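Protein chains: 2
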Amino acid sequence: MVENRAPLRRPEDPVLDVNEAFYEALQSLDMNAMEEVWLHKEWVYCVHPGWQAISGWDRIRQSWESIFANTERLTIKLHQITLQICGQVAWLTCTEEITSGSADDTRVSLAHSTNIYMKAGDDWKLVHHHASPVPAYISPDETVQ
Amino acid sequence: MVENRAPLRRPEDPVLDVNEAFYEALQSLDMNAMEEVWLHKEWVYCVHPGWQAISGWDRIRQSWESIFANTERLTIKLHQITLQICGQVAWLTCTEEITSGSADDTRVSLAHSTNIYMKAGDDWKLVHHHASPVPAYISPDETVQ
Numbered sequence: 703m704v705e706n707r708a709p710l711r712r713p714e715d716p717v718l719d720v721n722e723a724f725y726e727a728l729q730s731l732d733m734n735a736m737e738e739v740w741l742h743k744e745w746v747y748c749v750h751p752g753w754q755a756i757s758g759w760d761r762i763r764q765s766w767e768s769i770f771a772n773t774e775r776l777t778i779k780l781h782q783i784t785l786q787i788c789g790q791v792a793w794l795t796c797t798e799e800i801t802s803g804s805a806d807d808t809r810v811s812l813a814h815s816t817n818i819y820m821k822a823g824d825d826w827k828l829v830h831h832h833a834s835p836v837p838a839y840i841s842p843d844e845t846v847q
Numbered sequence: 703m704v705e706n707r708a709p710l711r712r713p714e715d716p717v718l719d720v721n722e723a724f725y726e727a728l729q730s731l732d733m734n735a736m737e738e739v740w741l742h743k744e745w746v747y748c749v750h751p752g753w754q755a756i757s758g759w760d761r762i763r764q765s766w767e768s769i770f771a772n773t774e775r776l777t778i779k780l781h782q783i784t785l786q787i788c789g790q791v792a793w794l795t796c797t798e799e800i801t802s803g804s805a806d807d808t809r810v811s812l813a814h815s816t817n818i819y820m821k822a823g824d825d826w827k828l829v830h831h832h833a834s835p836v837p838a839y840i841s842p843d844e845t846v847q
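Protein chains in written order, with the numbering used here: chain A, 703 to 847; chain B, 703 to 847.
Only chain A is shown next, with the shape it has when bound in the complex:
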């Protein structure tokens, strides 16, 4: 009799899960979920598209609060995800297709993102987010050569 086992999880699955949680927190403008995703250290680092860089969790949290307070609606579709894992560190790249604004005024933009995750205890935590605008609008699936 075959045991009823859970399907095997690949090593990359937990990183992909937390990356999904990051973008879910962002889309739902959910500060508690965003807190959960990040490592709360003074050296974590963030570049929002077109911003100065920000270092330290306190300042990064403030930046998300500011973004969430000034955003009515945000959807993000990810393209061309790549992921490398080496020991306790994982780095993921993707192209973000960002739709923002209201029903009457919708803007779509693309950004390249580098997200670095580090294993802290049993969890992978976001320690670095560098997102930068893709300058001209091109097909999202052609943003990586």
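It is possible that some hints are incorrect.
What the hints assert, rightly or not - Below are the DSS-like pairs computed for lysine-lysine, each with C-alpha atoms no more than 27 Å apart in a straight line:
1. A:LYS827 - B:LYS821
2. B:LYS779 - B:LYS821
3. B:LYS779 - A:LYS827
4. A:LYS821 - B:LYS743
5. A:LYS827 - A:LYS779
6. B:LYS827 - A:LYS821
7. A:LYS779 - A:LYS821
8. B:LYS743 - A:LYS743
9. B:LYS821 - B:LYS743
10. A:LYS821 - B:LYS821
11. A:LYS821 - A:LYS743
Think of the hints as simulated: they come from the structure by calculation, not from any bench. Values in this document were obtained by computation on a predicted structure and should not be read as measured data.
Position chain B relative to chain A; hints supplied.
Same frame as chain A, now just chain B:
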């Protein structure tokens, strides 16, 4: 009698050395030195400021060849370097102050850069370079909040 020992090397020193070698290769438009810095794998990743992302060493090498062929002079001064090391992976951030052009036509721009290095044998190799323009000109020392 005190022995004449070499000064102790910190764990971060070899990563800072290879980061310096990367920018030295870039400034001297030296393709051999650039080859030496990178890991030659199909999954290494590069975003030049304002470019599409590029994956794979062959394409990345071509991009540097193209940049070097079209650049007369390039100097890069680094500001606000941060470095984290975890096991065999290191990630370094900095602000690049890029001066390019000829004596008559000099342009200065700033870019945020995320450089990921991985230990391969005894050497640290560059596996990821994501550079993006800092949109408005601000003091290079104020690009990280």
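Assess, step by step, whether the Cα of LYS827 (chain A) is no farther than 27 Å from the Cα of LYS779 (chain A), and give holds or violated. 21 Å, holds
Hint consistency between LYS821 (chain B) and LYS743 (chain B) [alpha-carbon to alpha-carbon, up to 27 Å]: 13 Å, holds
Given the hint that LYS821 (chain A) pairs with LYS743 (chain A), test it: the Cα-Cα distance must not exceed 27 Å. 14 Å, holds
Has the given pair, LYS743 (chain B) with LYS743 (chain A), been kept, meaning a C-alpha gap of at most 27 Å? Between LYS743 (chain B) and LYS743 (chain A) the Cα gap is close to 32 Å, so the pair fails against 27 Å, i.e. violated.
Can the restraint linking LYS821 (chain A) and LYS743 (chain B) be considered satisfied, given a maximum Cα separation of 27 Å? 24 Å, holds
Pair hint outcome, LYS779 (chain B) versus LYS821 (chain B) [Cα-Cα no greater than 27 Å]: Judged against 27 Å, a Cα distance of about 25 Å means the pair holds.
Holds or violated: LYS821 (chain A) to LYS821 (chain B), with C-alpha atoms at most 27 Å apart: 18 Å, holds
Below or equal to 27 Å on CA atoms is what counts here, so check LYS779 (chain B) against LYS827 (chain A). Outside the cut-off at roughly 32 Å; violated.
Taken at face value, is the distance from the CA of LYS821 (chain A) to the CA of LYS779 (chain A) at most 27 Å? Holds, at about 25 Å.
Starting from LYS827 (chain B), check that the Cα of LYS821 (chain A) is at most 27 Å away, please. 22 Å, holds
Would you mind confirming whether the straight-line C-alpha gap from LYS827 (chain A) to LYS821 (chain B) stays at or under 27 Å? 22 Å, holds
Hint compliance for this structure: hints 3 and 8 are broken, all remaining hints hold.
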